[in-house]
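Number of protein chains: 2
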Amino acid sequence: MIEFWYEFGSTYSYPAAMRVERLAAQAGVAIEWRPFLLGPLLHDQQGLEDSPFNAFPVKGDYMWRDLQRICDQEGLALVHPSQFPRNGLLAARVAIVGLDAGWTPAFSRTVYQANFVDDRDISQAEVLAPLITAVGADPDQVLAAANSDPVKAQLKDHVRQARERGLFGAPSFITADGELFWGNDRLETALDWAVRHQNLEQA
Amino acid sequence: MIEFWYEFGSTYSYPAAMRVERLAAQAGVAIEWRPFLLGPLLHDQQGLEDSPFNAFPVKGDYMWRDLQRICDQEGLALVHPSQFPRNGLLAARVAIVGLDAGWTPAFSRTVYQANFVDDRDISQAEVLAPLITAVGADPDQVLAAANSDPVKAQLKDHVRQARERGLFGAPSFITADGELFWGNDRLETALDWAVRHQNLEQA
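Protein chains in written order, with this note's numbering: chain P, 1 to 203; chain C, 204 to 406.
For the record, the hints were derived by calculation from the structure and aren't laboratory data.
Check the hints yourself; a few may be wrong.
Claimed, not checked - Derived pair list, reagent style EDC-like, types lysine to aspartate or glutamate, alpha-carbon separation capped at 20 Å:
| hint | chain 1 | residue 1 | chain 2 | residue 2 |
| --- | --- | --- | --- | --- |
| 1 | C | K262 | P | E179 |
| 2 | C | K262 | P | D72 |
| 3 | C | K262 | P | E49 |
| 4 | P | K59 | C | E382 |
| 5 | C | K262 | P | D50 |
| 6 | P | K59 | C | E252 |
As the list claims (entries may be wrong) - Pair ranges (Cβ atoms, derived):
| hint | chain 1 | residue 1 | chain 2 | residue 2 | range |
| --- | --- | --- | --- | --- | --- |
| 7 | P | R65 | C | P243 | 18 to 24 Å |
| 8 | P | V79 | C | H400 | 21 to 27 Å |
| 9 | P | L99 | C | D360 | 52 to 58 Å |
| 10 | P | R65 | C | D264 | 25 to 31 Å |
| 11 | P | D50 | C | H400 | 33 to 39 Å |
| 12 | P | D119 | C | G278 | 56 to 62 Å |
| 13 | C | P243 | P | D119 | 49 to 55 Å |
| 14 | P | A101 | C | V282 | 35 to 41 Å |
| 15 | P | V79 | C | D395 | 34 to 40 Å |
| 16 | C | R399 | P | A30 | 33 to 39 Å |
Glycine is no exception: its CB is placed at the ideal position from the N, C-alpha and C atoms.
The shape of chain P in the complex, shown without the other chains (with noise of 0.2 Å):
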């Protein structure tokens, strides 16, 4: 088992999102969606008000022609969103509702898509309803427990986990073993280590 930590406004989760569950079937290894946001992390951890790529240009510059080659290669599109990084906490209160059912991880590829492609806004509700729609679930319904207490604790909580156990930034992968890793790039390492580690999991 990995946990796949992510955040909707991350350029770097996008691909990650998109390949996870196909690598993770081929090591054999299950798959623990971790919605979460980053934006406190980097507020609290390096003083960030804004994403780095905003905040330092040379970094953002580099990080979407890295991702281009990335989603190229990957056979993904990928269109420079007119907003960025955008809001993603109802998204990601979306998500944890859809934990239980089981739709998190196809909601979830949707809402990259809506981002990274299609260029949607994604923290507003009306961007996320058919989006709910087409994993079978009923948007008010879930949109209405997405804005419940208990769905915003959850997601309090696994900020604060995502704190308390060392991240920094999103994708992360954490294997059963407590072994992080952080970036797109480290998923096939990640899974690697769980695989070879496998024996520690089941004792």
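The hints should help you fit chain C onto chain P, whose structure is shown.
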């Protein structure tokens, strides 16, 4: 051809320096070694007065663990230096002196070994002198050349080039057609790019 831009104080430059020649030979790609100083870029681009791995401990904790995993995988020893980052100015000037004679790669590898395995202070001439001897050069002559105005100017020019070409971290790789790749974990991708774009290179 790819240019290998590296900084002697940089942790991820260590495994990159150790594996770049082997992987490049396998890919049939020539390597041009480009020692530079990262500190001025980190300062001017991000306002950093220290390594980001010191300024942001959560990133530092992760980096040392990640680097350990990488070194384990590559069969490279790693000792957390008692001083980090070490000042790579003199070593970078020495590396520039060796470019024409061709001993820069071998010398650079011994400097990384000194810093990240033997925990020696690579900012000191007496630490570098035996490393210069070991690659068949004369330490007195080389250290005098390293402190000459033309070599100082050449290192400054490397830093200027790095800045102009969008570098913000080390190691970085630039292909003949101008693609920038950042990080030890992008070495394979950079070599693959160089191979796939050889026609452009020869054109």
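Quick rundown of the hints versus the structure:
no., hint, verdict
1, C/K262 to P/E179, "holds, 14 Å"
2, C/K262 to P/D72, "violated, 29 Å"
3, C/K262 to P/E49, "holds, 18 Å"
4, P/K59 to C/E382, "holds, 14 Å"
5, C/K262 to P/D50, "holds, 18 Å"
6, P/K59 to C/E252, "holds, 18 Å"
7, P/R65 to C/P243: 18 to 24 Å, "holds, 23 Å"
8, P/V79 to C/H400: 21 to 27 Å, "holds, 24 Å"
9, P/L99 to C/D360: 52 to 58 Å, "holds, 55 Å"
10, P/R65 to C/D264: 25 to 31 Å, "holds, 29 Å"
11, P/D50 to C/H400: 33 to 39 Å, "holds, 34 Å"
12, P/D119 to C/G278: 56 to 62 Å, "violated, 46 Å"
13, C/P243 to P/D119: 49 to 55 Å, "violated, 37 Å"
14, P/A101 to C/V282: 35 to 41 Å, "violated, 50 Å"
15, P/V79 to C/D395: 34 to 40 Å, "violated, 25 Å"
16, C/R399 to P/A30: 33 to 39 Å, "holds, 35 Å"
Hints 2, 12, 13, 14, 15, counting from the list given before, are not met by this structure.
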